[in-house]
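For the record, the sequence lines run as chains H and L.
Mapping of the first sequence onto my numbering: residues 1367 to 1483, in sequence order.
Mapping of the second sequence onto my numbering: residues 42 to 155, in sequence order.
In case anyone wonders, no lab produced these hints; they're calculated from the structure.
Predicted model only: the values in this text are computed from it and were never measured.
Treat the hints with care, as some may be off.
As the list claims (entries may be wrong) - Here are the simulated lysine-lysine pairs, PhoX-like style, with alpha carbons at most 25 Å apart:
| no. | chain 1 | residue 1 | chain 2 | residue 2 |
| --- | --- | --- | --- | --- |
| 1 | L | 97 | H | 1423 |
| 2 | L | 43 | L | 97 |
| 3 | H | 1377 | L | 83 |
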Amino acid sequence: DTGVSQDPRHKITKRGQNVTFRCDPISEHNRLYWYRQTLGQGPEFLTYFQNEAQLEKSRLLSDRFSAERPKGSFSTLEIQRTEQGDSAMYLCASSLSRGPALPYEQYFGPGTRLTVT
Amino acid sequence: QKEVEQNSGPLSVPEGAIASLNCTYSDRGSQSFFWYRQYSGKSPELIMFIYSNGDKEDGRFTAQLNKASQYVSLLIRDSQPSDSATYLCAVWEAGGTSYGKLTFGQGTILTVHP
């Protein structure tokens, strides 16, 4: 049973460059989440998908961020014109949603650590 | 805006002791709560979740929920040095179409010393 995978694991980029991260969820999972985590803080919600539909995007997410999940499988998160404040761990999680009545497990991938110089 | 508060610690306990980690939340309507463990430089690992008042046990871990007091805790029995990590409490969003996303506290650093 393979878990959530993310690529790359580390990315160093210069300010102003664009970066793209990929997340492959657990195969049967229909929900995919992106979070961002900075040192000493808990993960912060960015956006999530139900199958291929993007259902919510955090108000904290600027227009430089965009995410896709074509065909409801893997997802990409792109950051345009990176800034030093974008330096963080970007975490992807997936889950199998059976509806809102009961909670369900959400599993995280290993994360992509972004450093903007 | 839902808020989740945790004491950042560090909490230090001797090996073999019970570690008690606490979390409070602001939204009285919150129903479900998750506990994750995160080792330094790694991603969060799910320990357990709880949505009913009372206790839920899984091995050495017990989650306790008191909705009236808006308080959730995690007890770790027979603490081991390998339990040294940051423990994250998260509230599960239940309403509308936004259900399923998690709002995390800042985490509590636990150190178990031999």
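Status of each hint after checking the structure:
{"no.": "1", "hint": "L/97 x H/1423", "result": "33 Å, violated"}
{"no.": "2", "hint": "L/43 x L/97", "result": "24 Å, holds"}
{"no.": "3", "hint": "H/1377 x L/83", "result": "16 Å, holds"}
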